[in-house]
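Residue numbers (the UniProt record's numbering), protein chains in the order written: chain A, 1 to 116; chain B, 1 to 116.
Heads up, a few of these hints could be off.
A pair counts as met if it fits within one copy or between any two copies, since identical chains are not told apart.
Said to hold, decoys possible - Straight-line alpha carbon distances no greater than 25 Å define the calculated SDA-like cross-link-like pairs of lysine to any residue that follow:
hint	residue 1	residue 2
1	Lys26	Pro66
2	Lys73	Cys83
3	Lys29	Glu62
4	Lys73	Val90
Derived from the structure by calculation, the hints contain no laboratory data. Small disclaimer: the values here were computed from a predicted structure and weren't measured.
Here is how the chains run, residue by residue.
There are 2 protein chains.
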Amino acid sequence: MIGQDAACCAGLSSPLDEDQAAELAKVFKALGDPVRLRLMSMIASRGEGGEVCVCELTPAFELSQPTISHHLKLLRQASLIDCERRGTWVYYWVLPGVLDRLAAFLTAPQTAGATA
Amino acid sequence: MIGQDAACCAGLSSPLDEDQAAELAKVFKALGDPVRLRLMSMIASRGEGGEVCVCELTPAFELSQPTISHHLKLLRQASLIDCERRGTWVYYWVLPGVLDRLAAFLTAPQTAGATA
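Make the full structure from the sequences, and use the hints.
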């Protein structure tokens, strides 16, 4: 699981140390796959407090249920989402903390407001 | 190279389509490595218009010059940095466009301002 503090204040305005880089890289790696990004966007698009049944996620992909579950597990291990089983199904929702830290990390002073 | 438009308006507030996800995943994957993240932060910390000689980057790592060059090439292929050879050395700088798009992607309405 990703710690709450290690990368909280790191941004691109100063060089990362090895520990900060290792921790942040895990989260970027979790997002570095098209299936996981689509799963994240499907879950996040429900908005704050929203959640999605795994039974709604799986039919969107031409992948087996175990494969989808594996991708969801990697997102959970990066603290990007959490889940709960209720009856037959597992329900997923986004944890905004790590997403906010990633966005803050990427919005360094020298890039904020810059145009491509 | 990452296109300028495909993922410009995609955010976590709506599900990504396959093309958007594939394109964004490439950039996240490029950042999903501790060495590449440290290289990015070393280059970005020079601020807007700043650049870094590869001769300053390599000594910070216990890695060979070809390995560092490979990581820098992957960052360039993701349009995160660019470079120019001048005389003996190659100089690197950050391209803010893709970073800004990633930050915008992660700052979905439902997560902006939320606390962990």
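Hint-by-hint comparison with the structure:
Within a single copy, Lys26 and Pro66 get their C-alpha atoms as close as 22 Å, and across copies as close as 24 Å, so both meet the 25 Å cut-off. When the C-alpha separation of Lys73 and Cys83 is checked against a cutoff of 25 Å, the pair qualifies only within one copy, where the shortest distance is 10 Å, while the shortest distance between copies is 38 Å. Taking the shortest alpha-carbon separations for Lys29 and Glu62, both the intra-copy value of 22 Å and the inter-copy value of 22 Å come in at or below 25 Å. In this assembly of identical chains, the alpha carbons of Lys73 and Val90 lie at most 25 Å apart only when taken from the same copy (12 Å versus 41 Å across copies).
In summary, this structure violates none of the numbered hints.
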